[in-house]
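Number of protein chains: 2
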Amino acid sequence: MTKTGILYGVGVGPGDPELMTVKAWRIISMAPVVAYLTANSTESTARDIAKPFLPDDVIELKIDMPMRTEREPAQEAYDRGAAAITEHLKAGRDVAMLCEGDPFFYGSFMYIFARLADRFETIVVPGVSSITAAAARMGRPLSARNDVLKVLPATLEADRLREELLTAQSTAIIKVGRHFGKIKNILSALDLISKATVIENATRANERIRKVEDVEGDSLPYFTTILVYTGSETW
Amino acid sequence: MTKTGILYGVGVGPGDPELMTVKAWRIISMAPVVAYLTANSTESTARDIAKPFLPDDVIELKIDMPMRTEREPAQEAYDRGAAAITEHLKAGRDVAMLCEGDPFFYGSFMYIFARLADRFETIVVPGVSSITAAAARMGRPLSARNDVLKVLPATLEADRLREELLTAQSTAIIKVGRHFGKIKNILSALDLISKATVIENATRANERIRKVEDVEGDSLPYFTTILVYTGSETW
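For the record, the sequence lines run as chains A and B.
According to numbering that gives the first Met the number 0, the first sequence is numbered sequentially starting from 0.
According to numbering that gives the first Met the number 0, the second sequence is numbered sequentially starting from 0.
Worth double-checking, as some hints may not be accurate.
Claimed, not checked - To spell it out: a stretch of chain A is covered by chain B in this simulated footprint if at least three of its residues, at any positions, have a beta carbon under 8 Å from a beta carbon of chain B; those stretches are:
| hint | region |
| --- | --- |
| 1 | 22-30 |
| 2 | 42-48 |
| 3 | 120-131 |
| 4 | 145-156 |
| 5 | 186-194 |
Stated by the list, open to error - Subject to a maximum C-alpha distance of 25 Å in a straight line, what follows is the list of computed DMTMM-like cross-link-like pairs (lysine to aspartate or glutamate):
| hint | chain 1 | residue 1 | chain 2 | residue 2 |
| --- | --- | --- | --- | --- |
| 6 | A | 181 | A | 158 |
| 7 | A | 194 | B | 93 |
| 8 | B | 50 | A | 17 |
| 9 | A | 89 | A | 69 |
| 10 | A | 2 | A | 56 |
| 11 | A | 194 | A | 156 |
| 12 | B | 194 | A | 117 |
| 13 | A | 2 | A | 120 |
| 14 | B | 174 | B | 42 |
| 15 | A | 174 | A | 42 |
| 16 | A | 181 | A | 212 |
| 17 | B | 194 | A | 120 |
| 18 | A | 194 | A | 158 |
| 19 | B | 50 | B | 93 |
| 20 | A | 210 | A | 158 |
| 21 | A | 210 | B | 117 |
| 22 | B | 181 | B | 199 |
| 23 | B | 181 | B | 158 |
| 24 | A | 174 | A | 156 |
| 25 | B | 210 | A | 117 |
| 26 | A | 61 | A | 120 |
| 27 | B | 89 | B | 69 |
| 28 | A | 89 | A | 63 |
| 29 | A | 210 | A | 162 |
| 30 | A | 50 | B | 17 |
| 31 | A | 194 | B | 120 |
| 32 | A | 210 | B | 17 |
| 33 | A | 174 | A | 69 |
| 34 | A | 2 | A | 59 |
| 35 | B | 210 | A | 120 |
Claimed, not checked - Here are some chain B residues the structure puts well away from chain A; computed CB gaps all over 10 Å:
| hint | residue |
| --- | --- |
| 36 | 2 |
| 37 | 17 |
| 38 | 39 |
| 39 | 41 |
| 40 | 46 |
Honestly, the hints are just simulated from the structure, not real lab data.
Here a beta-carbon is modelled for each residue, glycine too, at the ideal position from N, C-alpha and C.
Using the sequences and the accompanying hints, generate a full structural model.
Take a look at the structure:
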């Protein structure tokens, strides 16, 4: 009987390939199959990041995601992806699923994990998340001492964002994208805009860092994070 | 004239040396000087983690921290550490300061950064933080979709902890240590205790994972994190 393969959820970090962990590098170098999500069968940020470490003869398993906001087509895509991964695992081949940042920090890996972890040995390799990468690139602490740090998806309703911002010392607003205008208005109204910095594509070649008050327009790339700091700066 | 050295704040990750980034590995392998905080001139968790990657001939600069809670002795220790690092940088030697987890995620590196970054080129290398490592080891997502994620130092007052816990979908309570009893009481009172898992020394040899309700006593090791999840689990 063939021994079944191991499923790895591998965080490849925020963008700079050197910010992959040694463990991610080892697993990606040795796994016979790598899997990743793609949009329109082509783009995969996670694959771009891991590219320098992919062996020439690796089998690449693309899980194509429909570019729609409805829940059902995405669920069907995860079902198909899980089925394709299952075939490899049953044949005894380890599968490394590549995940931007960290697999369990607002990642899509959980959808594959939920479908397969009870049937196959599954190992999650944590990665550097976009929020600590953003702070490193801005050159200022993300959080210190007794600060309350909050991570707020920009998709939340304005009232909720306002309420949470008011009681945090440090806030990372993630998935900013087309919600930038809304966020900027909220930060202005709360008089927090001077303490807010925005970073697009942290640690990637097209990285861009600006003060939120200097940015015009309502929309920025999806991989945009805003950090707001109101804690004591008596470092 | 000698070119001055570069100061690196290097995150070495949560404990497993393989969870160091490739970048941290490269910098630690090449820097002529590594610096780190010690308690009583001996123990350094960050050095323990980086040990497999330290060259034999590296100069080790220990910054000894007084084991007291007052602010002033610690500030003096950082002043002395910054002065010692300055000597190496002025002599043209790069200095890599080793930091557990991520340098800017509740780390001590900010105290050295605040003293030196305006005078010397300083590069911060982000690392895997304890909270995503904890989720990976527990085998469950840290946060998903539109969850509000909060990081709460266990040192906060009970009222504040209660308030923040009530409005989060996911919470990481860090630096639990001697505050465990307080935290357990709060989680019981809020009826959250069945959703709370505690991890000591995540990814280290002495790692231990338990349900909070199964743990007796008022105190646990300093490097203890509690994750509480109340978001939707319809993954």
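Unsatisfied constraints (hint numbers, rising): 2, 5, 7, 9, 27, 32 and 37
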